[in-house]
Structure formats: structure tokens, C-alpha cells
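A.B. asks: Residue numbers (UniProt numbering), protein chains in the order written: chain A, 1 to 308; chain B, 1 to 389; chain C, 1 to 313.
No wet-lab data here; the hints were simulated from the structure. All values reported here derive from a predicted model rather than from experimental measurement. Careful: at least some of the hints might be erroneous.
Stated by the list, open to error - Under 10 angstroms between C-beta atoms, here's a sample of chain B residues computed to sit facing chain A:
| id | residue |
| --- | --- |
| 1 | G131 |
| 2 | R132 |
| 3 | A204 |
| 4 | R228 |
Just so you know, even glycine gets a beta-carbon here, dropped at the ideal spot from N, CA and C.
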Amino acid sequence: MSLTLFLILCLNGLQYGLLLFLIAAGLTLVFGVMGFINLAHGVQYMVGAYLIFAFTGLTGHFGLALVLSLVTALLIGLLLEYVVFRHLYDRTHLDQVLATFGIIIFLNELAKVLFGPTTLSIATPEFLSGSIQLTEQLRYPVYRLVTIGVGLVVAAGLFLTISYTRTGMLIRAGSTTPEMVAALGVNIKQLFRIVFGVGAMLAGFAGVIAAPIFAIEPGMGDNILIVAFVVIIIGGVGSIGGAFVAAILVGLIDTLGRSLATELLSFVFNPSMANQIGPALASMLIYILMAAILVIRPKGLLPAKGVH
Amino acid sequence: MKTTLTSTAGAALFSAMMSTTAMAEDLKIGMVVTLSGPPAALGQQIVDGFQLALDHKDGQLGGQAVELIIEDDELKPDVALLKATSLVEREEVDFVVGTVFSNMLQAVFKPIVQSETFLISPNAGPSTFAGRNCNPFFFATSYQNNQNAEVSGMIATEEGFENVFVMAPNYQAGRDNVEGFRQTFKGSVTDEVFTPLGHQDFSAELARVSTSGSDAIFTFMPGGMGVRLVNQFEGAGLSDSMKFMSVFTTDETTLPGQKDAAVGFLAAGSWAPDLPNDDNLAFVAAFEEKYGYIPGSYAMQAYDTANLIDSAVAEVGGDLSDKDAVRAALRKADFTSLRGDFSFNNNHYPVQDFHALQVVKREDGKFHTSFVRTVAEDYADSFHADCKM
Amino acid sequence: MDRSLVIGALIFACLLAMPVLLPLVGAEYLTGLLIKAMLLAIAAISLDLIIGHGGMVSLGHAAFIGVGAYAAAIGLESGIENILVLLLLTLVVTGGIALITGALALRTTGVYFLMITLAFGQMIYFTLTSLAAYGGDDGLTLWSLATFFGSDIVQNRGGLYFVILAVLFLSWFGVYRISQSRFGRVLRAARDNPQRAEVMGYPIARYQLIAYVIAALIAGISGLLLVQHAEFVSPSIAAWQRSGDLIVAVVLGGLGTRNGALLGAFFIVIVEELLSSVIHEWRLIYGPLLVLLVLYAKGGLNDLLTPAAQKGR
């Protein structure tokens, strides 16, 4: 394996990891602060992708469409919170799972009805569509590099907000001792709503930046949701820092694994055997990682204090 | 999904009872295709192509009013099986037309042929049923999966490619395609990569492609996978350093999503929208007028399938009870294929010409594959000798 | 009189009569639908043992259906035809895997248990997709099926319907008996207050593991029956979405109740069938319906059918 290949795989892994972080951040906060399991969080990712598709089509301008998509994603998140989720905060996790599962089914089907069952795609925005020469044969798309940069900026912003602002402090407090925060006269419902809306918007944002790279299709959020759950479990529920570390870890392992598992196995097995086992093993890696971590540390890698 | 075109099935659980009594002399055709997920466009083309043929014949095939029941297999083998079983047991259809994907075909095969219902594949053509396990109740109007890839191997050799990177999804048709390409390609295959079906991010694979020292890539990535692969291939700047050749990856279903990224890419196939024969050009024009997009080979094969059924039902005078007579009529392939010459081999797979194709941009800004040259004439698959029919 | 027993008995009486009634109205094809519902119900009932009574929410239960199905399918492919031998094979393989994964998974609790079972489920799922000799992702059509000492009573054209019905009845009856036994009470005590149960001297981890294995064994049997019915097996039956469907059935029906899982499974299959025959976009109705059921039918379907005085059964 060449150094270039490894470098590219790392960049890809980093990019995938940051995408996962954007989704996992909201998920882990909603889970950590409110103790709420929101399966419909992955659907917000899909919503973001469809929004950017629709708004780019309407406005013809990526930047404008981006702003509109984010605002709409936020509004949709708040609407869902108002109509359904707020009734579920004091219900059991299983009720939350069931209800948010119903929302997944609904929104996936709605996307199919509105946009058709076919896979859609949007072009990379013009000013980001170039690529940087890495080696003689290979260039790396600027858009992916920008995605990495933006992901890092958002992660840093989120981290600073949680660590140094009043809202952040309340969120941290809320995730450990919600009764205490409420007793201090803080409007905990308001806090929940903010966390919820921002989480939905971040997932939507992930969908927006993923749209030009991956295909837009109904149900695109389902599998990434499961991976996001793996991320927050590895990172420890409610911990933004943990989610960040875990997201990058999962992104790298998954990307490197998919590319290298078959190759590594072919040292041990014959090529056709390696071709059979390789992809399956690569898909399993993150689950093996999570299971191993849970067996050793049953509460995750970096659990936020006091959660469950 | 269920759409009953001539009589809308009623609401309740027991409603299907009523429709079994309605119009008993109708020709009932069930269709199992993929209409959801990334490859939904493929199934839609089959539905549209078949429907267009029905329209051209006033809703009748072989003089019989057709009741067409369309089912979506959702690209899930268990769903496909359920839908197929319901078609033969509940609706008691005369023909089943399906499927898009080979793995779906394998799932639906047994219950359909065991109920002695004719199964006609408008697309999937796995090797499984072409050789030893060929079946008197199964016909394919498309091709045998390996054939397009075999022809690609010939084209790659003719184009003078020496080192080719091969990539396909990890399922039956994917493996068939890789095997087919290897059979006829004279140069060396640098690497062989199998991705999961429905793969999203090809960046890791493309990194391997870029460092493999290949002068071309051969791939088979139908539907949404093809859109993503081609866009990411272009994004990685690989278009400048190597040739891209494929089957069912840059076709009329994926080109609307690939656009300029795919122009000039090579493909192999038995047909292209501009294949120069009058029937075909008329079909493409009529199709575009009705559905607003350029048909791909899927639509063409579905159109041919409808015409095949039409010819067979007419031949037996509408009497479908004598299965042997229906089979004999089907085997004659007494219809005008949009592809030109077309006949069935002993294994009920087609014998037809194959061509080199290239993606072009039409004057109106739409994209399609274009006929370049004929590579193999009256080309039969390599499994038919094992078939004892 | 115990209302839930009456309802359960009624359901089984209906199921018993259906093969006679359906042909009279020309709707034999509905037996396929009923078999689908019964197979789902068997797996859901087994899941309810660990979710409802044990408080262990597994998102990997469908993997055991997959393991059972593949054990049977691979047995069939290697020439084993006797269903009793296949059953034994299924039980050994499923039980073995459940014992190992269960022992590891039970180190965790709550949502971490859910995630670790998901992880094991996914590992099993991807392992099944890599079995290229048995179809890989595509699945495998079974051209020869199991027999009962040469008789086709365990096949579709024989009496498979009644075999599945019998297994459903045994699961329903058996899980209820288990839940009412001392074993079941300890399981619930461990669910509600693990510390106290431990202090009282119960080796709760062992109880939970036994429940987990029993649930897996029943799910494995449903996998074997699924193979016999569908004459086809594919990894999709072990996908995490299937595990999700099972949870939906259990929660929808009512956790830890006699008929909950049974009602939930039949509800899902019948509502899906009804809705999809009315409207193609039936999921637009089904999704909100689930939400409404959660919001307004708090104890699940079982509660809707049970008078207030008898709640909690």
C-alpha cells in the first residue's frame, strides 16, 4: 500500500467521521440531556439532503439554498418536537423508540411521495468543484477538504459553546442533574427545545453537505442513524467530546477497514475467499469495536457523569 | 405496492375474491420489479416500456384484454418472494414478468415455475438458470448477465487496454459480470473489488484504483451506485488518467444524474436509443413523448417482452391451458425486436448482437448511450450447452 | 373469568378454523398471510420474555431467527432431511451462539444492552451475507425440504400451517407459564430492582442468561419454520430492521402481557395488508398510526382489550 492511498483513506475517514459527528452531536445531547431516544434523528439527515436539493432547484444558488435548508431543518425539528416529542419526554425508552420509529416510516414515505423513489443527486457547488493534485494520477476534491474544514469548525464551535456559555453550562448540568437545574428556576422545557432544534439542524446540515457526495434517496438516514448510535455509545452518552473522538475513530476504522480488510485477508486466505469474507468483516468492524468496548467498559468510553 | 390497472382492487382484506370472478377471459400478467430505493428508475423503465407496448396495442396482447398487476420487490428477496407467491396463488396470473435484479429472480423463481406459470425476465439473466438448471417455464428477453461483460472484455482488448481494474457489487450479477469480463479480456486484471450492494462512498475504492497503475476500469454498478461512482470518479480526477468502461453503469437511468461526468465513457450492450432501425427510432420517439425521458435498455426489453407475450398468445389463439403449446409459441420469438435479430437459444436465453456503446450529449442537452460498432454477432451465452432442453 | 385467557383462546380457535373457513370463501391465499403473522408472533412472544419480563431490550433478536433459519438451510443443503435432526441442529447452533453473546451482552444494562445486542446482531447478519456457498447477500432457494420421517406433513402442501400453529401455541403457553413461575418472578424482580434481587440471593445474571437463551431458541425454531414455509432463506431476515419490527410488535401489543406480543404481531401484519390494499402510500398512515398508538394507547393493544379491573395481568 502506498503512502498516498493511506493519506487519502485517512482524509476520507476523517470526512466521514466529521459527518457522523454532526449527526451524533445532536443525538448524544438529546439522549444525554433529556434521556430521550430519538430514532427519527437520522431522518433529519435525509430531510437536510432533500431540502438542499429542493432549494438549489428553486434558487439556483448553493449558498442561499444552504441557509434556507438550515432554517427549514431547524423549523422541522422544532415542529416535530412540538407535535410529538414533547409528549414523550416522561415516557419509557421503548415508547420513544416506537413513536420515533413511526415518524421515520412517515417521513421516508413522504420523501418518496414528494420526490419519487428514485435516487437524486445535486452537483457540487461551482466554486468548490475543483480538485487538488495529490500525486501524478490522483486529485482530491476540494469539496471534501472544505467539508472536513467546516466539520472541524462546527465541532470546535459546539465544544466552546458547551464548555463556556451559559446555555452550555445548563446543558451540561441538565444532563447530570436535571431536577437540580429545574429547581434553580431554569426553564428546562425551553432548554430541551433549544437542544432539540439545534440537534435537528446539525443533522440536517450533515445531510446538506453529504448531498453532493452521496445520493439523495428515501431511507438514506436509517443506516447512518445506526452508525451514529454506535458513535455515541462508544463515546459515552451525553458527551460531546466523546462523540467527537468516537466519530473520528469510527470514520477512520470503517473507511480503512473497507479498503484494507480484503487486502489483509488475502495474506491469510486465497483471493476469492478473501473477497467473500473481506467486505463482511469490514462492515462488522465498528460493531466489533463497540461490542469490545462495552464488554470492557459497560458504560462506554467517556461517559458523561451521572447519566443513567 | 399494488396497482391494478383495469379493475381497481377493493379496499378490504377479502376484496381480491371479487376480482377473481371479474372478466375471467382476461390475460392476467403479474409484474415484479424494483420500484423503490436507489435502483427504482430501472423498475420504472420496465413498467413504462411494458405500458407503452400495451398502449400501442390498445391494452390487449394477443387479442386479450390485459390486466397488469405491478408489484414492487423493494430489492428485498423476502419481499420479492412474498409478492411473487401472492401473484401466482392469489391472483393466479398467466405470466409473471420480472425481475430487474438477479438476486430477486432467484428468490421468486421456485414458487413461480413450480406453479407452472411462465416467468419472463425483462432484465435479470443470471447464469444459474442458463445452464444445468434451465427451466421450461422460464424465459429471458434480455441477455445472460455474463454476456455484456464478455463483450466488454472484447472491447477492452480491441481498445488496447493492458491493465484493467475490475469492480462490481457483491452479488450474483456482480460476480457474473466480473467472470464474464475476465473470460474475454486478453490483458491483465490488476485488482478485483467487490462492494456491498447499494454502496455509497467509493472514495476508498477509488483510492485503490488510482494507485493500481491501471489504464482502465471496468465496472458494473447499476442504478444509484453508478451515479455515485461516476461522480466520485470524476471528482477524484481519475477521468483524465484512465478510461472508464462499464455495463449498466452509464445508461439512460443513471445519465440524468451523471451528466457531463460520463461523456465519452464506454459501455457494451445489445441496444442503444440511437440503434439505427426504424422500429427502434419510432419506439424511442414515442417513449420520450409519453414519459419525457430517454428510454434505456430496461424499457426496450420490457417493450420486447410485451410483444413476445403478444405473439405467443396470438399464436395459441388465446388458449393458455396447454402449457406446451404456449411454450412452443414463446420459443418461436415471432415478434420484431427493437434490437433487430432476436431468437431464443435452447435455454430460453436470447441469441443477439452486441455492440460497443459510448455516452454522448445530445443537442437538446440530454445524455444517452450511442451505438459505436457491432462487436459480436448472434452472440449466445456460454452456459446453454449444459441445458438439457 | 380471566379476559386475557378468553381472548387468547379465541385467537387460537380462529387460527385453527381458518384452513377450513378460508377455502369456503375462496381465499386460501390468506393462509400465507396468517403463516407470516404466526411466525412473527412466535419470535415476538420469545422477545417479550426478555423485554417484557426481563427488561432486557434486545435489538438483535432477529439474528437468532437468521441463525436458526441458516442452520436449517445449511443442514438441508448437506442432505439432512429429517426435521427432528434439523430441529436439534437449529437448537444447538442457536443456543450456543446465544449463550456466548448473551454472557457478554449481559455485562451491560439498559440502552447499552440494546446496543451490544445490535452489535452482535449485525455481526451475525454480515456473517450470513458472507456465506457465498449459501447464496451470500442473495439468499438461497431450497429445492429440497425437510420431512417428518418421509412424510410431507411439515411442508406447505402438507400440514405446515398446523405445525406452525402448534409451535405458536406452545410458545404462547410456555412463555406465559415461565413468566408465572418462580423463574419469571425473579426475572421481573431483577428488572425492577436488580440490587434487591441480588441481595435476596438470586444469581440474577444466570436467570437473565437463561431467559435470553430460551428466547433465542424459540426465535431459532421460528427461523427453521420460516425456511420450511418460504422454501428460501436470505440474510435480510436477520437485519436490524427485522429486530426493530419485533420490538414494535411487542411494545405495540403490550409488554409482559399474556397476549401482547401475539396481538402486536397480528396487528402489524393485518394492518399492513389492509392499508396497502387501500392505498399505495400506506406508510403515510401507518407511521402516524404508530405515533398515535404510543401517545394514546399507553399499555399497548392488550390494554385496549382488557378491562381496567384486570390490568397488569
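A.B. asks: Take the shortest C-beta to C-beta distance between R132 of chain B and chain A; is it under 10 angstroms?
C.D. replies: Since the shortest Cβ distance to chain A is 21 angstroms, the answer is violated.
A.B. asks: Let me know if the C-beta of R228 of chain B comes in closer than 10 angstroms to any C-beta of chain A, holds or violated.
C.D. replies: Where the cut-off is 10 angstroms and the nearest Cβ of chain A is about 5 angstroms from R228 of chain B, the hint holds.
A.B. asks: Given a cut of 10 angstroms on the nearest C-beta pair, is the interface hint for G131 of chain B held or broken against chain A?
C.D. replies: 20 angstroms, violated
A.B. asks: Any CB of chain A closer than 10 angstroms to the CB of A204 of chain B?
C.D. replies: This interface hint holds because 4 angstroms falls under the 10 angstroms limit.
Checked against the numbered hints listed earlier, the structure breaks hints 1, 2; every other hint is satisfied.
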